Amino acid sequence: MSEEQHSGNWWIWKVFWILLGVTAFEVMLGILKVDGYLPEFLVFDTFLGLAWLTHIFIVLTLIKAGYIVLVFMHLGFEEKSFQWTILLPAFILVPYLLFIILSEATHAYLMM
Amino acid sequence: MADSLIQNDMNAPAWKGGDVPYKASYGKMMMWFFLITDTLTFSAFLTGYGFSRFKFKDVWPVPEDVFTHFPFLHGDHPLLFVALMTFILIMSSVTMVLAVNYGHKMQKNKVIMWLSFTILGGVLFLSSQAWEWGHFIHGDSGAIELNNADVIHVVKDKEIYSIYDLMGADSYDGSHHAFELADVKENFASDSELGLRLYDKTFLDHSTSIEYLDQNASKVLLGANLTSNEYGHVLFADYFFFITGFHGFHVFSGVVLLIILLINTIMGTYERRGHYEMVEKIGLYWHFVDLVWVFVFTFFYLV
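Residue numbers (the working numbering), protein chains in the order written: chain V, 1 to 112; chain P, 1 to 303.
Read the hints as simulated data drawn from the structure, not as lab findings.
Interface residues of chain V toward chain P, partial, derived using beta-carbon atoms under 7 Å:
| # | residue |
| --- | --- |
| 1 | 19 |
| 2 | 31 |
| 3 | 34 |
| 4 | 61 |
| 5 | 68 |
| 6 | 72 |
| 7 | 79 |
| 8 | 94 |
| 9 | 102 |
| 10 | 109 |
Being a predicted model, the structure only gives us computed values, none of them experimental. Ideal Cβ positions, reconstructed from N, Cα and C, are used throughout, including at glycine.
Can you build the whole structure from these sequences, using the hints too?
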């Protein structure tokens, strides 16, 4: 990390407010969903087997995860080669795992 | 921090050690490698949860119906308590970064202060989780299990009606409750406003319900454990205990590490060592625990 960023704590609190804001937004969506205030297409229309709302939650979760890993865990300021060493196994193996297990789950559901 | 790295001798030949291509110390790198393996472990757990949820999607409980309580508050407050737990964990992540930051500046007293706040956050989170487990195990309204292991609920006006109320018992009087199916059926029959909600969220009226219970009901379920679950499919309870339990165990280990770290900081170990890299390494682990919770929060409670 650059010296300029080391000098204060503002960057920590900035990430804190982002994480808090995104979480509050997620909880608000969740409560609106329970109370039935969300537009129907978000809750009932699906894409790749998941409701649009679920896709929104996943994107928001990945944004939060990005801030935690890149700023709080400092990975964003490490060497490029080190960043890829850490991230690539997850980027390759997790989608692969999701793909085989979840497509198998759909098959298991249809075969029940 | 440079003295914690192996010094790079520019004249030494490559491939004989001594080069530091990642410019990260051995300890930090090994913590990251451990976290990669842990990432894959948690990915496997959550994917396993996804498998069961997709396979049993018709009978899977709606999380918003399960986690609706808040300590000392009456009524339904879906998501509020987990939101608080998430806030506690994010907050403790912030205090951890602050501790790491002051460690870089070699300000011992500030490191001690922020580490203490982080430990407090960890303990608060674990206490909240204990409360939530207690509530989940104790159960809410009770349910009826069928011969084919499906779980159905008693309803009034399409809202779940507590079996404790039906039996005139106080769910929280401290005693261990158990109701006979025959007694529940008898009380059920005497209140014509009652009906049933089947496992697939369809409803039966009173007279059909009585017939249905006679033909299919096997026992009364109160609360959740590894073999039965009043909220719905038993696998939901199993995954809940397993995943939040494994995460909680990580938080617990983190708190233990942080306490050791705090003692060492107070004793001046890192001051003498000349750097606070240990705070950074344990900080990585602590943030990872927060990271996992972000995913557990989404996939267990939100969707």
